[in-house]
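Sequence order for the protein chains is A and B. Note that my numbering gives residue 58 to position 58 of the first sequence, counting from 1, and the numbers run on in steps of one. Each number in my numbering corresponds to the 1-based position in the second sequence with 1000 added.
Calculated directly from the structure, the hints in this document are not laboratory data. Some hints here could point you the wrong way.
Label-pair distances were calculated between CB atoms; the ranges are [claimed, not checked]:
no., chain 1, residue 1, chain 2, residue 2, range
1, A, Lys56, B, Gly1085, 39 to 49 Å
2, A, Glu42, B, Ser1066, 24 to 34 Å
3, A, Glu76, B, Gly1016, 22 to 32 Å
All values reported here derive from a predicted model rather than from experimental measurement. Yeah, the Cβ is synthetic: ideal placement off N, Cα and C, and Gly gets one too.
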Amino acid sequence: GDSVTQMEGPVTLSEEAFLTINCTYTATGYPSLFWYVQYPGEGLQLLLKATKADDKGSNKGFEATYRKETTSFHLEKGSVQVSDSAVYFCALSGSARQLTFGSGTQLTVLP
Amino acid sequence: DTGVSQNPRHKITKRGQNVTFRCDPISEHNRLYWYRQTLGQGPEFLTYFQNEAQLEKSRLLSDRFSAERPKGSFSTLEIQRTEQGDSAMYLCASSIRRDRGAPGANVLTFGAGSRLTVL
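Go ahead and model the full structure; you've got the sequences and the hints to work with.
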């Protein structure tokens, strides 16, 4: 079945540092890929998405490129801010109609 | 705001009691999903509806769990004879079903969740 493997946290960075959170997936066919973010006390919010190979999703300075050859969708940001502190979830929508999530990566950005 | 609304936000109950959660999706969304999230884990799929039809149920959804969406609008998730292992955040999400071949991904919009604590 579909699965998502996500870099384990927690990740702690200083403000303005470079961020990478690794995500790889297993799925049949051509899934759509997503990153969701969960801020403390809030619901999951869509951060970005990509629907086909080599697509790059981007939002709020975050980027992720759909790499079919490596079955990866790593999240990157060039300069993180304290306000980026949250839990980040990689997810896919494949042959099944629901989303399959990774286990999440807690990011803490220190001033 | 016309986002996904869930009630109650928090529920504390004693083992063996029944609880019910309600979800009001975005009005034009015809798909509705229930997920469960435990501490330190990603959301796990429970079930989903397209309009009023329950099209898929996870093996996680034991006989004690039942979900309904009687008029294709709001949905309820009931847990009977709660157990301590049921303690979790119950998330609802909604989306629009796209016609086959239509561009775009199935983007789910989530509510803030209903946190259940079973004592």
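(request) Determine which of the earlier numbered hints do not hold for this structure and return their numbers in increasing order. (result) 3
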